[in-house]
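K.L.:
Since the structure of chain F is already known, use the hints to place chain Z on it.
Listed below, chain by chain, are the residues.
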Amino acid sequence: MSSHNPDHLHPRPKLQARKSSPRSKNMVMASHGRAPWYGPDGKNVEAYVVGIAGGSASGKTSVARAILSALNYVPTVLILSQDSFYCAHTDEEIEMAFNNDLDLDHPNSIDTPLFVKCLLDLKQGKATEIPVYSFVHHQRMPEKKYIYGASVIIVEGIMALQSPELRALYDLKVFVNCDSDLMLARRIKRDTKERGRDVDGILDQYLRFVKSSYDNFVQPSSRYADIIVPGSSNQLAIELLVTHVKRQLDTRSLRFRRMLAEEGGEQSKAQARSRASTLVNENNERNVVLLEQTNQLLGIMTILRDQSTDRGEFIFHADRLSTIVVEKALTLIPCETKTVRTPLGIDYEGSATDDRLVGISILRSGGPFSHGLRRVIRDVPIGAMLIQSDPKTGEPLLLKTDLPSSVKTRETSGEVKILLLDSQMGTGAAALMAIRVLLDHGIQSTNIIFLTYLITQPAIHSVHRAFPEVKIVTASIDPELSEMHLSYDTNSLVLGETSGEADFAVRTIEESSTQERLDNLDLNQEGQEEIPDNRDGLKTEKELSADKFKVRVNETDRLKFSREHKRNQSGEKRVWVISPGMGHIGDRYYSS
Amino acid sequence: MSSPNPTTTCLPASGSNVHKVELPENALVLAPTRQLQSLLTIIRDEKTQRGDFVFTSDRIIRLLVEEGLNHLPVVSKKVITPTGKEYEGVAFQGRICGVSIMRAGEAMEAGLRDCCRSVRIGKDEETTQAKLFYAKLPDDISKRFVLLLDPMLATGGSCIKAIEVLLEHGVEEEKILFLNLIASPEGIQKVCTRFPKLRIITAWVDEGLDSNSYIVPGLGDFGDR
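Chain order of the listed sequences is F and Z.
Just so we're aligned: 223 in UniProt numbering is position 223 of the first sequence, and the numbers increase by one with no gaps anywhere.
Just so we're aligned: 52 in UniProt numbering is position 52 of the second sequence, and the numbers increase by one with no gaps anywhere.
Source of the hints: derived by calculation from the structure; they are not laboratory data.
Heads up, the beta-carbon is just placed ideally off N, CA and C, and yes, glycines get one too.
It cannot be assumed that every hint is accurate.
What the hints assert, rightly or not - Coverage of chain F stretches by chain Z, computed from C-beta distances (three or more under 8 angstroms per stretch; other residues unrestricted):
hint, stretch
1, 293 to 302
2, 347 to 353
3, 373 to 386
Only chain F is shown next, with the shape it has when bound in the complex (with noise of 0.2 angstroms):
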């Protein structure tokens, strides 16, 4: 987005792909969905940050959008212009810059100290508002700009590799040389046919400004390059600088569900043949609160378990359940001590409740729990998060993030406690995503408190051991996760993800062997025939797996970077559900 393109003045959507316009600088490009940026263990695996710096109208962005083209596989590649960084300027200075006096092209006239905040938060995985500076107006903004979850980061400017804090940061840091002719031209054309400028300004402003500042700041940064990449005809510099940033991407991967299903199922079996006493004690310890099984609780959850139960009587249920468990969860909530007068006029010492609570749900099994949510709080404000699954590696997606203001702006979000809802809670791998988004915001992980009416012992010990600090309210705790194989086409109301839905209760585990996955195509021959695979077409099972075999040892370094490329062999899948749970939530409210 160009910071003087008044358009962007309101923000927008941020996963969302956008077409930028031609003079436009900041901009994100996204794709489907964001898999885990983070390790099992929680903590923020760091975006990979290439900076981009030379002379003016020597490339810079061209490079800079070759590269994000290059990696359009990659769920968020941002690229940060150095524009948006100038500083704020007094009135003379707005009036000198309006008759072309003021010098932007001094390394002073860049906010550094902001500009490497900004990009620290942003490599460390953290939400940030950048500044917005207006052309225009020849002058920064009011409002910010909400920028999130970028796994590469080109920032790209003059002054990008002038100063020691910034280069710091660079994972990867580039100089684009040009001839000053060539830059000259390019910046006489670009100026009078986008900016309006005449040549007799233009060039003036050059020998003024431009020319000195390149020849005694920009030029000398290029030291610091590990790349010189020429300003034009340069596609085999970029296609290598393309292939260094992909193997360096490539070793951040990260793919850990079947990892967590796995750890936490040994770990519940160890709890199993432990008593009951000492997992009540042990869950107490991890900041989680089981709702007393009272029969009525019992009562509601028979109901909701049920398969045979109807879906008015389901929701009117789930709702009942809902409000029990964020009354719980409210207990957990620290209050203020109060003195209010009745009717009667007589003082009462009561207390109040803190008032800056958030719901979250994750959509959409968290969906049913905002009807409950509204119940207990008044206006509550709730945000959202979708997360699905990936089907083809069973990884959890970010597909979209809405969340109300308070969270989005740091000055406030470390106060703000949030209630983080969805129905169930299987692997706890959406739930650590969640969670995760959360503290990227400068949330506080004391302030998060978790609300399901279904967890399982594993996504138990997962959040717990990412995020201890975490609370947890559940209505019921189930003792494991099966495994079940599942065909596309049936079952349709336990496997949610055949229309792309993430729930807990289902998820799929990536197969780690071919010699695993065969096994399972063999036994589950009958029922493939059955149900033919549109995906591939009419191969025989012989061949497929043929081809399968083939993918995999010719083409490893392609499949891991592109997920296109693994396909699902078959209308079976393997998935993890929550037993004896109750089905797929999100379905059953809202009746899919």
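P.N.:
Positioned in the frame of chain F, the structure of chain Z alone reads:
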């Protein structure tokens, strides 16, 4: 929900404290969490607007109803979950009927409906002299559990009158649950002594009554608000 193991945030209530008062066995008080106290603070505050008052009292009523429903019997029941597994659960047994003592008790009906589907609701009318004006009760009330609703229990006069009416209609005493927001110790004593088999569930027990038989510190006239 009252809990036998109160969480760490269940601090002793300030101001009026239920623990000061000896309660009869058949009277049950919700766990005095800070959260519950916050809710009561809102409804006690004379500055609270009607919308907030209704919303907040509904929340307390739901807690009361949930607690009350816990005293109903259940039978074990096996169901098959959508994942094909068996689950050993329970099913509710016995039908219930809500009876509100007019007119403040009617305010509690919404909360009851949030927790029970298609509950039958009857009416009972009262005055300060606890004279029965009006009773409209379901025909089969004698076969049901009765949740008797009245937000304030002061002297207990109207409550006793209402219970007498229910008993006249053939309801068994042990099948009556009296749900109440704020009670006076005197009122509880009186009702519980008179009907030892009935159960009272109240959210809070206040300090006592003033000379006009209002609950202190109380919250004023519930129905008016």
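K.L.:
Work down the list of hints and note, for each, if the structure agrees.
P.N.:
So, going through the hints one by one against the coordinates:
1. Counting residues of the stretch 293 to 302 of chain F whose CB falls under 8 angstroms from any CB of chain Z gives 7; the rule of at least 3 is met.
2. With a cut-off of 8 angstroms between beta carbons, the stretch 347 to 353 of chain F has 7 residues touching chain Z; three or more are needed, and the interface restraint holds.
3. For the stretch 373 to 386 of chain F, the assignment as covered by chain Z holds, since 3 residues bring a beta-carbon within under 8 angstroms of that chain's beta-carbons and 3 suffice.
Violated hints for the displayed structure: none, as all numbered hints are satisfied.
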